[in-house]
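Student: Here is how the chains run, residue by residue.
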Amino acid sequence: MSDVIKLSHGSGGEASRKLVEEVIAGYLKNEALDPLDDSAVLEVVGGRLAFTTDSYVVSPLFFPGGDIGSLAVHGTVNDLAMVGATPLALTLSFILEEGLPIDDLHRILASVRSACEEARVNVVAGDTKVVERGSGDGIFINTSGIGSIPAGVNISASNAAPGDVIILSGTIGDHGITVLSRREGMDFATSMESDSAPLGGMVEAMLKVTGSIHAMRDPTRGGLATSLNEIAAKSGVGLEIDEASIPVNPQVNDACDMLGFDVFYVANEGKLVAFVPAAEAPAVLAAIKSARYGENAAVIGRVVKENPGLVTLNTQVGGRRILSPLSGELLPRIC
Amino acid sequence: MKLSSAFRESDLARNIAANIARATTRRYNLMEFCGTHTVAIFRHGLRTLLPEEINLVSGPGCPVCVTSRSDMDRILFLADLPDTIVATYGDMMKVPGSGMSLSEKRARGADVRVVYSITDAVEIARANPASRVIFNAVGFETTAPSTAAVIRNARRESTDNFHILSLHKVTPPVVLALLEGGTAVDGFLCPGHVCSIIGSRPLEPVAGAYKKPCVVTGFEPADVLQGILMLVRQLEDGESRVDIEYTRGVRPEGNANALAAMDEVFCRVTSDWRGIGEVEATGLKLREEFASFDAEQFIDREIRSDPDPPGCQCGEVLRGEIKPTECALFAGACTPESPVGPCMVSSEGSCATYYQYAERTRK
Amino acid sequence: MCLAIPALIKEIDGNRATADVGGAMREISLEIIDRTAEIGDYVLVHAGFAIHKLEEKEALETLELMRKVFGQ
Numbered sequence: 001m002s003d004v005i006k007l008s009h010g011s012g013g014e015a016s017r018k019l020v021e022e023v024i025a026g027y028l029k030n031e032a033l034d035p036l037d038d039s040a041v042l043e044v045v046g047g048r049l050a051f052t053t054d055s056y057v058v059s060p061l062f063f064p065g066g067d068i069g070s071l072a073v074h075g076t077v078n079d080l081a082m083v084g085a086t087p088l089a090l091t092l093s094f095i096l097e098e099g100l101p102i103d104d105l106h107r108i109l110a111s112v113r114s115a116c117e118e119a120r121v122n123v124v125a126g127d128t129k130v131v132e133r134g135s136g137d138g139i140f141i142n143t144s145g146i147g148s149i150p151a152g153v154n155i156s157a158s159n160a161a162p163g164d165v166i167i168l169s170g171t172i173g174d175h176g177i178t179v180l181s182r183r184e185g186m187d188f189a190t191s192m193e194s195d196s197a198p199l200g201g202m203v204e205a206m207l208k209v210t211g212s213i214h215a216m217r218d219p220t221r222g223g224l225a226t227s228l229n230e231i232a233a234k235s236g237v238g239l240e241i242d243e244a245s246i247p248v249n250p251q252v253n254d255a256c257d258m259l260g261f262d263v264f265y266v267a268n269e270g271k272l273v274a275f276v277p278a279a280e281a282p283a284v285l286a287a288i289k290s291a292r293y294g295e296n297a298a299v300i301g302r303v304v305k306e307n308p309g310l311v312t313l314n315t316q317v318g319g320r321r322i323l324s325p326l327s328g329e330l331l332p333r334i335c
Numbered sequence: 001m002k003l004s005s006a007f008r009e010s011d012l013a014r015n016i017a018a019n020i021a022r023a024t025t026r027r028y029n030l031m032e033f034c035g036t037h038t039v040a041i042f043r044h045g046l047r048t049l050l051p052e053e054i055n056l057v058s059g060p061g062c063p064v065c066v067t068s069r070s071d072m073d074r075i076l077f078l079a080d081l082p083d084t085i086v087a088t089y090g091d092m093m094k095v096p097g098s099g100m101s102l103s104e105k106r107a108r109g110a111d112v113r114v115v116y117s118i119t120d121a122v123e124i125a126r127a128n129p130a131s132r133v134i135f136n137a138v139g140f141e142t143t144a145p146s147t148a149a150v151i152r153n154a155r156r157e158s159t160d161n162f163h164i165l166s167l168h169k170v171t172p173p174v175v176l177a178l179l180e181g182g183t184a185v186d187g188f189l190c191p192g193h194v195c196s197i198i199g200s201r202p203l204e205p206v207a208g209a210y211k212k213p214c215v216v217t218g219f220e221p222a223d224v225l226q227g228i229l230m231l232v233r234q235l236e237d238g239e240s241r242v243d244i245e246y247t248r249g250v251r252p253e254g255n256a257n258a259l260a261a262m263d264e265v266f267c268r269v270t271s272d273w274r275g276i277g278e279v280e281a282t283g284l285k286l287r288e289e290f291a292s293f294d295a296e297q298f299i300d301r302e303i304r305s306d307p308d309p310p311g312c313q314c315g316e317v318l319r320g321e322i323k324p325t326e327c328a329l330f331a332g333a334c335t336p337e338s339p340v341g342p343c344m345v346s347s348e349g350s351c352a353t354y355y356q357y358a359e360r361t362r363k
Numbered sequence: 001m002c003l004a005i006p007a008l009i010k011e012i013d014g015n016r017a018t019a020d021v022g023g024a025m026r027e028i029s030l031e032i033i034d035r036t037a038e039i040g041d042y043v044l045v046h047a048g049f050a051i052h053k054l055e056e057k058e059a060l061e062t063l064e065l066m067r068k069v070f071g072q
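Just so you know, the sequences run in chain order A, B and C. Numbering of the first sequence is given in my numbering, commencing with residue 1 and proceeding in unit increments. Numbering of the second sequence is given in my numbering, commencing with residue 1 and proceeding in unit increments. Numbering of the third sequence is given in my numbering, commencing with residue 1 and proceeding in unit increments.
The following block holds chain A by itself, in its conformation from the complex:
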């Protein structure tokens, strides 16, 4: 096999076959995938299925704490977890850029395999295409995922209710700042790592202590502020958030100060924000804290009747301001 991806790897011929069978399938071996038929065949249990899809175009491909492969798996299983679903199967499709080093593909696949192992799910189907040099960013990944939702679980962005307590599972801004620090032209070394992680285990622990999580989101692009606004709007409620209780890594704070970012709009990849009835909050908080990735969880606010759709922030110096959805792009500013 050559050491870089060529157009022939995507053409459906011998080179394609070799790439799939000798490289890709080797990392993803499982019963449903191994026949490499045109479709995977799965036994489905009754009940409701959750079904999600995502695409990953992160640049750079490799960053401290993860890469596009682990990101793709985590992102997909987290979407399933946010509606309370246990993942059943994933698909994984690649659009490779001609010239991508095969070693990079190996690294990404190894990362996909580890992430699948931790999330306890298999990739059962996929596709590979190759585009000409210059038409892609090394590799784009598309996924889809199906999961099964336990009976009685009804988590939706529309279900938040006045009186609910808002719990955040950990520090915000880690992923966005880490990726940004690795981009060309943003040369600052940092020991920050992406928080990319699968949250299925955490959600499972939460569902063990309560049947009534009302709403839940994993705040990815657009940051915590965007997710909070989505829930406020869909549920028709107001939210009050206490800035002082938001967990933030000091390095992230300083990077945001330097670059002029508002940490509420910086992306995360391993965090959730949950809305639970006040009576359930202590138990849910404890469950998150004892789960992997939840050690910095905190109560960050509450749901109120007033000002539906508005998210208000009590600032750390005792003032108040509105936390709007992200407008425009998060561009580093200078002045």
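Calculated directly from the structure, the hints in this document are not laboratory data. Predicted model only: the values in this text are computed from it and were never measured. Among the clues, some could well be false.
As the list claims (entries may be wrong) - The calculated EDC-like cross-link candidates involving lysine to aspartate or glutamate, where the alpha carbons are at most 20 angstroms apart (straight line), are:
#1 Lys6/A / Glu21/A
#2 Lys57/C / Asp243/B
#3 Lys53/C / Asp257/A
#4 Lys29/A / Asp137/A
#5 Lys53/C / Glu253/B
#6 Lys53/C / Glu31/C
#7 Lys211/B / Glu236/B
#8 Lys57/C / Glu253/B
#9 Lys6/A / Asp104/A
#10 Lys6/A / Asp137/A
#11 Lys53/C / Asp13/C
#12 Lys10/C / Glu56/C
To be verified - Which chain A residues stay away from chain C? Per the calculated CB distances, all over 12 angstroms, these:
#13 Glu43
#14 Asn229
#15 Asp242
#16 Ala283
Glycine is no exception: its CB is placed at the ideal position from the N, C-alpha and C atoms.
Using the hints provided, position chains B and C relative to the given structure of chain A.
Tutor: Okay, now just chains B and C, sitting in the frame of chain A:
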């Protein structure tokens, strides 16, 4: 020593706010001149801590916002030249020129790159010797000395494919121009980091001839509140001086090193401030001996600019005459996603800040 | 008028220094700083350039003043 967090402490801020309330007996219009102050005030919700009598007005302190349409058209012209890479700070990407923004130019194939620092732009020049690299040099006195240092080095190291279009501006004369035009502002909260460079002395005419108190202020919540308190105290006592709140960052004489660099590389020319018009001795242009680095040389024709779009009231916002919410286009035709004027583009522009942090309705 | 944040100088090499900006190590220029900085000094950094040497004494004095005179 964790300086920033000390100045962010909640109790400290509340105490200062309480003192402001006690000290204030009349209504005052205080202009915070600097975009970074605009953002700090909103981000920490400081208005909600102040008594009603204090009216904070934003001024022309955002270098992106005061970039005129014709200046934008010049950099847009340069972006279209063959074998040319334009490097720019992120905020400038979406400022509309007569035709389109740099962002739209990039989408149509121009090589435009966002950088965090001018040194990144020099790196691009080194890495692309066959290309002409033009850095869109925007900023006030905090930033101009870095550009000067880089130009000096570029000459020393013969980085001949590196150029700048200097849109740098200096600020004290524009405050005087505002005052001359008549303003209802009672006092000025002055930009801490500009004054780290220029010191507090250039502001003396504001306090002296025009009798408006000035306080050079830092950017943490406690700094801003303290600066406001110091302004109120001067006003209540009928005094007008230039005081420094931000003593840890500013000396009256400023930074001689940085000022010397600026002076070596730049000369002062008239420049066009959006919303205010032409103000003498506020633009920085590369001196003759550095002319080879000046991207002006590549503008070989007259560039005609469209007038500002009808209804755009950026000028009035920049002069502190109206609040963003009073502009007819605010949150309607003019939003961060489709901005009409630069006040909505720059993340430190008054309009963008109001939109992001306060209100999305027009009053 | 711009974003500048305090950084701690860790290493100096002529006109360049490596500074700790809140746990992130960054290369900065000392070309236009106002007073000579040494390892262990705090400086204000703007877009990769140190523009002012911070005197800890001044910073702490301001804080003291704020707390004492305007405090409870």
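Student: Are the hints correct? Go through all of them and say.
Tutor: These are the hints, each one checked on the structure:
1. Between the alpha carbons of Lys6/A and Glu21/A the distance comes to roughly 16 angstroms, so the proposed pair stays at or under 20 angstroms and holds.
2. As the CA atoms of Lys57/C and Asp243/B are separated by approximately 19 angstroms, the hinted pair is consistent with the 20 angstroms bound.
3. Between Lys53/C and Asp257/A the CA atoms are separated by roughly 19 angstroms; this keeps the pair inside 20 angstroms, and the hint holds.
4. Between Lys29/A and Asp137/A, the direct Cα distance comes to roughly 27 angstroms. Violation of the 20 angstroms bound is thereby established for this hinted pair.
5. Only pairs whose Cα atoms come within 20 angstroms are accepted, and Lys53/C paired with Glu253/B is accepted, the gap being roughly 14 angstroms.
6. Between Lys53/C and Glu31/C, the direct Cα distance comes to roughly 12 angstroms. Compliance with the 20 angstroms bound is thereby established for this hinted pair.
7. With a C-alpha separation of about 13 angstroms, the suggested pair Lys211/B and Glu236/B falls inside the 20 angstroms cut-off, and the hint holds.
8. Annotation: proposed proximity of Lys57/C to Glu253/B holds, straight-line Cα distance about 19 angstroms (limit 20 angstroms).
9. Taking the CA atoms of Lys6/A and Asp104/A, the gap is near 14 angstroms; set against the 20 angstroms cutoff, the hint holds.
10. For the proposed pair Lys6/A and Asp137/A, the alpha carbon gap of about 15 angstroms is at most 20 angstroms, so the pair holds.
11. Restraint check for Lys53/C and Asp13/C: the C-alpha separation of about 17 angstroms stays at or below 20 angstroms, so the hint holds.
12. Using a Cα cut-off of 20 angstroms, the hinted pair Lys10/C and Glu56/C holds, with the two alpha carbons roughly 16 angstroms apart.
13. At the 12 angstroms boundary, the C-beta of Glu43/A stays outside the reach of chain C, the nearest C-beta of that chain being 50 angstroms off.
14. Here Asn229/A stays apart from chain C, with its beta-carbon at least about 26 angstroms from theirs, past the 12 angstroms limit.
15. Every CB of chain C lies more than 12 angstroms from the CB of Asp242/A, the least distance being 23 angstroms, so the non-interface label holds.
16. Residue placement check: Ala283/A keeps its beta carbon more than 12 angstroms from all beta carbons of chain C (closest about 35 angstroms).
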